[in-house]
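Sequences and hints are given; from them, build the entire structure.
Counting the sequence shown from 1 gives a position; the working numbering is that position plus 4.
Just so you know, the hints here were simulated from the structure itself, not pulled from any lab data. Don't take each hint at face value.
Okay, derived cross-link-like pairs now, DSS-like style, lysine-lysine, Cα gap no bigger than 25 angstroms in a straight line [stated by the list, open to error]: (1) 51 with 72; (2) 173 with 61; (3) 87 with 14; (4) 31 with 87; (5) 127 with 32; (6) 51 with 61; (7) 45 with 13; (8) 72 with 87; (9) 31 with 44; (10) 173 with 51; (11) 72 with 31; (12) 13 with 87; (13) 32 with 45; (14) 32 with 88; (15) 71 with 61; (16) 13 with 72.
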Amino acid sequence: MSFNPDLLKKVELHTHLDSGLSYHFIKKLVPDITPWAFCKKYIAPEKCRDLGDFLGKISPSLDLLQKKDVIADAVEDLFIQLKKDNVVYVEIRFAPLFHLRLGLSDRDIVETVIEAMRNTSVKYGIEASLILCTLRHFSEDQSLRTAYLVNEYCNYGVVALDLAADEAKYPLNAHLNAFRIVLENGGNVIAHAGEAKGAESVSETIPYGFQDASRRPGSESPGA
5 MSFNPDLLKK VELHTHLDSG LSYHFIKKLV PDITPWAFCK KYIAPEKCRD LGDFLGKISP
65 SLDLLQKKDV IADAVEDLFI QLKKDNVVYV EIRFAPLFHL RLGLSDRDIV ETVIEAMRNT
125 SVKYGIEASL ILCTLRHFSE DQSLRTAYLV NEYCNYGVVA LDLAADEAKY PLNAHLNAFR
185 IVLENGGNVI AHAGEAKGAE SVSETIPYGF QDASRRPGSE SPGA
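Structure, rendered in structure tokens:
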């Protein structure tokens, strides 16, 4: 009997809403886009100059995700892809403050994603939770704003605050109060580390109670 990994039930603990949009979804919003143009604009190349180069591919998707109906449709698009991959549980992550350009409030956005996630979870038979992201280059006030959202919606499917983006350029300092607020409320905090700065950025997260330091290849300390 041959092994078919497609038949395995899977768990996804790090699924981006904004950078996981399918060609079919983008095509509905940008009818004249070709597969080649989609790949060039929305898909990171096999080799990136650095983490910033990779993260730059998210911006075009964010340009589209500024209306409630589009955001809700993006959630369903993600669940369609997850169902094809036989995923049974997913933790979806996104940064609410990236979706404010057309006048939506941060609560509008979080509630839109929660409602869409609940509906599609039932429709496709996939359990789901939500992680709200703050970014390394955000100000302390922006991170605190996101932390308060995590606490406000912790009984509605939000399970963690995640610190993402370019660790090589931005230290943890501006975000420590946000972590504290979530931890004091009994919540979970996550920090991306080891992607661009090696073992040093993993080590700096250890004193702050992160449940997951999102350790990446190349983050091992010499002699570890």
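Structure-based check of all given hints:
Straight-line distance between C-alpha atoms of residue 51 and residue 72 comes to about 34 angstroms, which puts the hinted pair past the 25 angstroms bound. Restraint check: the Cα-Cα separation between residue 173 and residue 61 comes to about 18 angstroms, which is no more than 25 angstroms; the hinted pair holds. A threshold of 25 angstroms between alpha carbons decides the hint, and for residue 87 with residue 14 the separation of about 10 angstroms falls inside it, so the pair holds. Restraint check for residue 31 and residue 87: the C-alpha separation of about 20 angstroms stays at or below 25 angstroms, so the hint holds.
With a C-alpha separation of about 21 angstroms, the suggested pairing of residue 127 with residue 32 holds against the 25 angstroms cut-off. In summary, the hint linking residue 51 to residue 61 is supported, as the alpha carbons are separated by about 13 angstroms, within the 25 angstroms threshold. Distance restraint check for residue 45 and residue 13: the Cα-Cα separation of roughly 31 angstroms exceeds the 25 angstroms cut-off, and the hinted pair is therefore not satisfied. Simply put, residue 72 and residue 87 have alpha-carbon atoms about 23 angstroms apart, close enough for the 25 angstroms limit, and the pair holds.
At most 25 angstroms may separate the alpha-carbon atoms for a hinted pair to count; residue 31 and residue 44 meet this at roughly 14 angstroms. A distance of roughly 20 angstroms separates the Cα atoms of residue 173 and residue 51; the hinted pair therefore holds under the 25 angstroms criterion. Between residue 72 and residue 31 the alpha-carbon distance is near 18 angstroms, which keeps this suggested pair within the 25 angstroms criterion. Restraint check: the Cα-Cα separation between residue 13 and residue 87 comes to about 10 angstroms, which is no more than 25 angstroms; the hinted pair holds.
Distance hint between residue 32 and residue 45 is fulfilled; the C-alpha atoms sit about 16 angstroms from each other, no more than 25 angstroms. Using a Cα cut-off of 25 angstroms, the hinted pair residue 32 and residue 88 holds, with the two alpha carbons roughly 20 angstroms apart. A threshold of 25 angstroms between alpha carbons decides the hint, and for residue 71 with residue 61 the separation of about 20 angstroms falls inside it, so the pair holds. For the given pair, residue 13 sits about 31 angstroms from residue 72 by alpha-carbon distance, which is inconsistent with the 25 angstroms threshold.
The structure fails to meet hints 1, 7, 16 from the earlier list, while all remaining hints are met.
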